[in-house]
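Let chain A serve as the given structure and place chain B on it in line with the hints.
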Amino acid sequence: MLDFTLLVQYGPALLRGFGVTILCWGAGCLIGMVLGFVLMLLRQIPVKPLRWVIRAYIEVIRGTPFLIQLFLLYSGGPSIGLRLEATAAGILGLGIYGSAYFAEIFRAGYQAVPKGQVEAALSLGMSYGSILRRVIVPAMLVSTIPAIVNMMAILTKETVVLSIITVPELMYEMQTMAAETFATFETIVGMALFYWLLVEVVSRLGRRLEARVTRFLTHASPQGSSTQTATARA
Amino acid sequence: MTTVSETASSPRSATAGDAAPMVTIRGVSKSFGTNEVLRDIDLTVNKSEVVCLIGPSGSGKSTLLRCVNFLEVYDRGEIRIEGKLVGYTEETPRRRLSNRDLRDLRRNVGMVFQQFNLWPHMTALENVAEALVQVRGMDKAAAAAHARRMLDRVGLSAKTDSYPARLSGGQQQRVAIARVIAMEPHLMLFDEPTSALDPELVGEVLQVMRDLAADGMTMVVVTHEMGFAANVADKVAFLDHGRIAAFGTPREVFHESTEPRVQQFLQTYHERNSF
Chain A
1 MLDFTLLVQY GPALLRGFGV TILCWGAGCL IGMVLGFVLM LLRQIPVKPL RWVIRAYIEV
61 IRGTPFLIQL FLLYSGGPSI GLRLEATAAG ILGLGIYGSA YFAEIFRAGY QAVPKGQVEA
121 ALSLGMSYGS ILRRVIVPAM LVSTIPAIVN MMAILTKETV VLSIITVPEL MYEMQTMAAE
181 TFATFETIVG MALFYWLLVE VVSRLGRRLE ARVTRFLTHA SPQGSSTQTA TARA
Chain B
1001 MTTVSETASS PRSATAGDAA PMVTIRGVSK SFGTNEVLRD IDLTVNKSEV VCLIGPSGSG
1061 KSTLLRCVNF LEVYDRGEIR IEGKLVGYTE ETPRRRLSNR DLRDLRRNVG MVFQQFNLWP
1121 HMTALENVAE ALVQVRGMDK AAAAAHARRM LDRVGLSAKT DSYPARLSGG QQQRVAIARV
1181 IAMEPHLMLF DEPTSALDPE LVGEVLQVMR DLAADGMTMV VVTHEMGFAA NVADKVAFLD
1241 HGRIAAFGTP REVFHESTEP RVQQFLQTYH ERNSF
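Here the protein sequences line up with chains A and B, keeping their order. Just so we're aligned: the first sequence equals residues 1 to 234 in this note's numbering. Just so we're aligned: the second sequence equals residues 1001 to 1275 in this note's numbering.
Keep in mind that a hint or two might mislead.
[Stated by the list, open to error] No farther apart than 30 Å at their CA atoms in a straight line, the calculated lysine-lysine pairs in the BS3-like style are these:
no., chain 1, residue 1, chain 2, residue 2
1, B, K1140, A, K115
2, A, K115, A, K48
3, B, K1047, B, K1084
4, B, K1084, A, K115
These are calculated hints, taken from the structure and not from any lab test.
This is chain A alone, in the form it adopts within the complex:
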């Protein structure tokens, strides 16, 4: 007998879990993006050992399961003096995991910035800091927003792994419910619903953001057959 009233009964706990999930996801994404951006910038410095180290970091993070990274951080951390509470470890773990992917996304975006736009800024006497902020990052946003949103959607689903190190997020609360009531099916349906909702919201916001950062490209020039933006759009 299916009993979806259980979802109501466990409602407060589930919502609390959902809140923790969003917190971990949001903070993890933020750390991942900031760290990824810094890694991308450091990678531009022409010092070979530095480049090797960053590349090795990215390869290792992308080449190993998130679960193992999380265990290493949470259980292995104390042996090197890094003692973190479960939620903090979960957020940091997500951030580190995401940073490797974001670094690659940003690198592709950085390389796709038209060289001429940077040269124009250089020839006007702008500093690298100004050029980065005012020219490169806006141009990068245009080309990388879809990939960024995609990565953020993927990370929403990686948050379930945090339940394994006892972060009281949605998955954890759901498992508690299932263990206490044996209502496995209802739990699974409930979970699918929550994560689908989250991903849907993320991708909708992403599409909005994309429309916003590319709004200046949406009006093709009436005669602009030879314009740079016409080719950039193609």
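Coordinates of chain B only, in the frame set by chain A:
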């Protein structure tokens, strides 16, 4: 503030006493790997002069121009702008200038590119105002007012709020010119400014350049527009295989030069443009 006039299309009479050098290029060479693109170039551009660099593609015109503001690094020789060595320190030979010194040098040298290189996420006004704020430290309101005047000067006061994607190629290039003159450069470099334009849009850009020349701007122009070179330039340099094969007034180069490569180039040009 000067405005765009419709009549300033005749070449300027070279005023006496204006002969202070703005740019001196001495023995400049550059290679890309084993390909020597500039070979021992000597060239002087005086204040308020318009010098056109012409020649077949691959002759090194654009590379030479890009060496002047150090977007391209030259291997040997020296380039000076208003006496200041470009790209390297005076004290230690071949030691690169610090980024700050290079920026100080570049802010007096404007460059207009073949592909316009406007920033697509900024309106015409924002494109022009950007360096005023970032480089000259003007406040936003003053920069916007100044940018507005510059756009007016190139005949685009109606397009201040348009993004580049909504402008024609000719309009984009005029915004790019406004972006440069807003910085009040002492010298302007033009790298084939009309080559990416549809033929009917070339005229409006050349007109703006004529007006600048008439106002006394020092200009070095890489161009395939022989009419512009003949009518506006004070001096023409013909480059071939990284060397200056002919140099002089337009008359000397176009009509009196006995250099076979110049004659062959001009003949090809005429054949292509007659139908």
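Against the structure, the hints come out as follows:
A threshold of 30 Å between alpha carbons decides the hint, and for B/K1140 with A/K115 the separation of about 27 Å falls inside it, so the pair holds. At most 30 Å may separate the alpha-carbon atoms for a hinted pair to count; A/K115 and A/K48 meet this at roughly 23 Å. Under the criterion of a C-alpha separation no larger than 30 Å, the hint pairing B/K1047 with B/K1084 is consistent with the structure, at around 15 Å. For the suggested pair B/K1084 and A/K115, the alpha carbons sit about 27 Å apart, so the restraint of at most 30 Å is met.
Checked against the numbered hints above, the structure breaks none of them.
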